[in-house]
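Once you have looked at the hints, place chain Y on chain B.
Going down the list, the protein sequences come from chains B and Y.
Sequential numbering from 1 applies to the first sequence in my numbering.
Sequential numbering from 189 applies to the second sequence in my numbering.
Hint data in this document are derived by calculation from the structure and do not stem from the laboratory.
Do not rely on the hints blindly, as some may be mistaken.
What the hints assert, rightly or not - Reference listing, derived: stretches of chain B covered by chain Y, where coverage requires no fewer than 3 residues with Cβ under 8 Å from a Cβ of chain Y: (1) 2-10; (2) 32-43; (3) 70-82; (4) 169-180.
As the list claims (entries may be wrong) - With the Cβ distance kept under 7 Å, some of the chain B side facing chain Y (calculated, not the full set): (5) W26; (6) A50; (7) P61; (8) L87; (9) V95; (10) A121; (11) G124; (12) S140.
What the hints assert, rightly or not - Okay, the calculated beta carbon distance ranges per label pair: (13) Y/P217 - B/G76: 30 to 40 Å; (14) Y/K346 - B/D38: 39 to 49 Å; (15) Y/I293 - B/V156: 43 to 53 Å; (16) Y/L328 - B/R180: 23 to 33 Å; (17) Y/L195 - B/V100: 18 to 28 Å; (18) Y/W314 - B/G3: 35 to 45 Å; (19) B/G76 - Y/V203: 24 to 34 Å.
No experiment lies behind these values; they were computed from the predicted model shown.
Beta carbons are placed, not taken as given, at the ideal position from N, Cα and C, and that holds for glycine.
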Amino acid sequence: MTGPRQLLGVFRTFLGVGATTFGGMWAATGKLERDLVDRTGWLPKEELRASFVLATLIPAPRFLGLGGLVGFRVGGWAGAFLGALGLVLPASLLVLAAAVVVGPELLGGPLAPLIRAVSIAIVGILFGNAYRQLRGEKGSRRHRQTGIALSAAIFVSVVLGAPLLVSAVVGFVVGALLLRPGPTGEDR
Amino acid sequence: MDGVGVLEIFLLVLVSALFSFGGGNGQIPLIQGRWVEPGRLAPELFSFSLAVTYLAPGPRAGFLAGVGYYLAGLPGAGAAVLGILVPTVLGAGAVSAALHRMQRILRRIKPSSGYVIAGLIAAAAWGIAAPLELLPAELLAVTVVAVVIARWDVDPLKVVLAALSLGLLWSLLVT
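Excised from the complex, chain B in its bound form (with noise of 0.2 Å):
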């Protein structure tokens, strides 16, 4: 059964990721699996980068579809809904006092080069984040150079136009075929 306390956690931990990450989910990989994984230790790393992909199978962004599932198995319904909640509120207050308090004649004028920058730096995180996944990885040799092609290849796919759940799947089905871990769980 659970507590209001953890309620709250899941409440208090997506408000903190809703209100600090830029960029989408993608962007905040680093951040979700500290929070997540090591903090709060809610899932394992492997349950989380399924998340990623499974999330994607909510009829909902994404990114709210993640903190639905990782709220879901903390608090079940109630951890779904806070951990939503939590991750689309600052974002709505935010727009929200854009409404009230300014207006749309700013479109045109100041508001572009702040997003223009905005966005250019969220793509350098992004492909940041990239490297660091990669760089992250354990095993041989072959091994990483074989999963490199991996994401080479997935990368490839959706520029090319592949629906990203698509590749997101085929990726698993090959990388579970090329790279299994060893006889003791451990990778090779």
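Just chain Y, lined up with the frame of chain B:
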């Protein structure tokens, strides 16, 4: 403009969730078709709500609060946010039930999961970069940020705040 009721906002956002399978913001085309094109929501207000989310943290779905507010005030904003939360929660419950039965599959995909995620992250970066048609100086900025993040694991929030400051400076110089 015709008034839009709170219930209509809630229901349209709820239904639009069906167009979000795959992780996108499926609400955008539906809102355009139902409220913007018939003139019930001014295009500049809709664009403004979307634009602000680029400067806001968290999921882009936050723009729904702005759309709801412009249509029906604060109750409209609440209805729009609730409209996106309901399918999220129901979907999370359904997918979690499936995940519970997938432990064997999770063990099989463990060695490749980091590589798959890396490919998806890089594809997301490309998805944002391509429409921007970056200039050489901007490409250099992307490279610098990527190296800083990859090499020193700097908090992305600091990078975004730095970008905001530069953008503000740029904005002041241009206007």
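Taking the hints in turn, this is what the structure says about them:
Note: the stretch 2-10 of chain B has 0 residues with beta-carbon separation from chain Y under 8 Å; the three-residue rule is not met and the coverage is violated. Under a criterion of three residues with beta carbons nearer than 8 Å to beta carbons of chain Y, the stated coverage of the stretch 32-43 of chain B fails, only 0 such residues being counted. Judged by the Cβ-Cβ criterion of 8 Å, the stretch 70-82 of chain B is covered by chain Y as claimed, because 6 of its residues qualify and three suffice. Against chain Y, the stretch 169-180 of chain B contributes 8 residues with a C-beta closer than 8 Å to a partner C-beta. That satisfies the three-residue criterion, and the hint holds.
At a threshold of 7 Å, the smallest CB-CB gap from B/W26 to chain Y is about 4 Å, leaving the interface hint in force. Hint status for B/A50: holds, given a least beta-carbon distance of 6 Å to chain Y, under 7 Å. Because the smallest distance between the Cβ of B/P61 and any Cβ of chain Y comes to about 5 Å, under 7 Å, the interface hint for this residue holds. At a threshold of 7 Å, the smallest CB-CB gap from B/L87 to chain Y is about 6 Å, leaving the interface hint in force.
The beta carbon of B/V95 is positioned within 7 Å of a beta carbon in chain Y (closest approach about 4 Å), and the interface hint is therefore held. For B/A121, the suggested interface contact is upheld, since its CB lies about 4 Å from the closest CB of chain Y, less than 7 Å. Residue-level restraint check for B/G124 holds (minimum Cβ-Cβ distance to chain Y is 3 Å; threshold 7 Å). A distance limit of 7 Å between C-beta atoms decides the matter here; for B/S140 the minimum to chain Y is near 11 Å, and the interface restraint is violated.
A hinted range of 30 to 40 Å holds for the C-beta pair Y/P217 and B/G76, which are about 33 Å apart. Separation of Y/K346 from B/D38 is about 20 Å and departs from the stated range, judged on CB atoms against 39 to 49 Å. Taking the beta carbon of each, Y/I293 and B/V156 are about 25 Å apart, not inside 43 to 53 Å as hinted. Under the hint 23 to 33 Å, the C-beta atoms of Y/L328 and B/R180, about 41 Å apart, miss the expected range.
Between Y/L195 and B/V100 the CB atoms are about 23 Å apart, so this pair conforms to the stated range of 18 to 28 Å. Checked against the given bound of 35 to 45 Å, the beta carbons of Y/W314 and B/G3, roughly 43 Å apart, stay inside it. A C-beta distance of roughly 25 Å is found between B/G76 and Y/V203, which places it inside the suggested range of 24 to 34 Å.
Comparing the model with each numbered hint stated earlier shows that hints 1, 2, 12, 14, 15, 16 do not hold.
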